[in-house]
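Asks: If you want the building blocks of each chain, they are given just below.
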Amino acid sequence: NAGVTQTPKFQVLKTGQSMTLQCAQDMNHNSMYWYRQDPGMGLRLIYYSASEGTTDKGEVPNGYNVSRLNKREFSLRLESAAPSQTSVYFCASSVAGVGTGELFFGEGSRLTVL
Amino acid sequence: GNSVTQMEGPVTLSEEAFLTINCTYTATGYPSLFWYVQYPGEGLQLLLKATKADDKGSNKGFEATYRKETTSFHLEKGSVQVSDSAVYFCALSDLDYQLIWGAGTKLIIKP
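Protein sequences, first through last, are from chains X and R. Under the working numbering, the first residue of the first sequence is numbered -5, with each subsequent residue one higher. Under the working numbering, the first residue of the second sequence is numbered 57, with each subsequent residue one higher.
Since the hints were made in silico from the structure, they are not lab data. Keep in mind that the hints are not guaranteed to be accurate.
To be verified - Pairwise CB distance ranges (calculated): (1) R:Glu98 with X:Ser74: 26 to 32 Å; (2) X:Arg71 with R:Glu72: 46 to 52 Å; (3) R:Gly97 with X:Pro77: 20 to 26 Å; (4) X:Ser45 with R:Thr127: 29 to 35 Å; (5) X:Val6 with R:Thr61: 46 to 52 Å; (6) R:Gly134 with X:Met35: 49 to 55 Å; (7) X:Glu46 with R:Tyr86: 38 to 44 Å; (8) R:Asp110 with X:Thr1: 41 to 47 Å; (9) R:Ser114 with X:Val6: 39 to 45 Å.
To be verified - With a Cα cut of at most 30 Å, we get these calculated DSSO-like pairs of lysine-lysine: (10) X:Lys3 with X:Lys51; (11) R:Lys162 with X:Lys3; (12) X:Lys3 with R:Lys108.
Claimed, not checked - Computed from the model, here is a short list of chain R residues facing chain X with C-beta under 7 Å: (13) Tyr95; (14) Pro96; (15) Glu98; (16) Leu100; (17) Leu102; (18) Gln154; (19) Gly160.
Ideal placement from N, C-alpha and C gives every residue a C-beta, glycine not left out.
Using the sequences provided together with the hints, build the complete structure.
Replies: This is the structure:
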């Protein structure tokens, strides 16, 4: 049971470099999300995709872009990485919205920007 | 705006002790409330939820009751085990696609 799969699990970048975090889910979920987790701050939503073909900004979208490639895949791109983007990134999916449903999370991607 | 406040950790208990992790919230309307758990090196997973006032969510021996009068959703377990060591997050549903998260409480259970 793969669930939500994220790659890479670890990445070190230099300031100004770009990278893409990949996420795929095999549960036929409509909605997908990207969060970042920082110590003492809980999770903050970066972007989400309510359904295939749509994306919307969350709480902290600056410096990021996303692509909902198809129903399964939702990628997060950092065009010019900054040290403030050092964080653990989680991809999640849900059948529909989060009002009463369950979010399923990947194992996380730890990104360090030097 | 809506917010969630959790007790700061870490919380350290001995095995078989009683656990309470406090969670209070500020919200307009009638949000759903959740507890998620994150075991070391893993993603978060839903532990329990409650969708309306006075609902009690329960799972794996954990319970939490949606108290509208005190705006609280405290997590309790009668007898903790070493395997319960993890970080616990309280959250509420804000908009259709957004959850508001607490900062998390790290729980350490000593044998």
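Asks: If a hint holds in the structure, say so; if it does not, say that too.
Replies: How the hints compare with the structure:
| no. | hint | verdict |
| --- | --- | --- |
| 1 | R:Glu98 with X:Ser74: 26 to 32 Å | 30 Å, holds |
| 2 | X:Arg71 with R:Glu72: 46 to 52 Å | 48 Å, holds |
| 3 | R:Gly97 with X:Pro77: 20 to 26 Å | 24 Å, holds |
| 4 | X:Ser45 with R:Thr127: 29 to 35 Å | 32 Å, holds |
| 5 | X:Val6 with R:Thr61: 46 to 52 Å | 34 Å, violated |
| 6 | R:Gly134 with X:Met35: 49 to 55 Å | 31 Å, violated |
| 7 | X:Glu46 with R:Tyr86: 38 to 44 Å | 30 Å, violated |
| 8 | R:Asp110 with X:Thr1: 41 to 47 Å | 43 Å, holds |
| 9 | R:Ser114 with X:Val6: 39 to 45 Å | 42 Å, holds |
| 10 | X:Lys3 with X:Lys51 | 24 Å, holds |
| 11 | R:Lys162 with X:Lys3 | 22 Å, holds |
| 12 | X:Lys3 with R:Lys108 | 37 Å, violated |
| 13 | Tyr95 | 10 Å, violated |
| 14 | Pro96 | 11 Å, violated |
| 15 | Glu98 | 6 Å, holds |
| 16 | Leu100 | 5 Å, holds |
| 17 | Leu102 | 5 Å, holds |
| 18 | Gln154 | 6 Å, holds |
| 19 | Gly160 | 6 Å, holds |
Violation of the numbered hints given earlier is confined to hints 5, 6, 7, 12, 13, 14; the remaining hints are satisfied by the structure.
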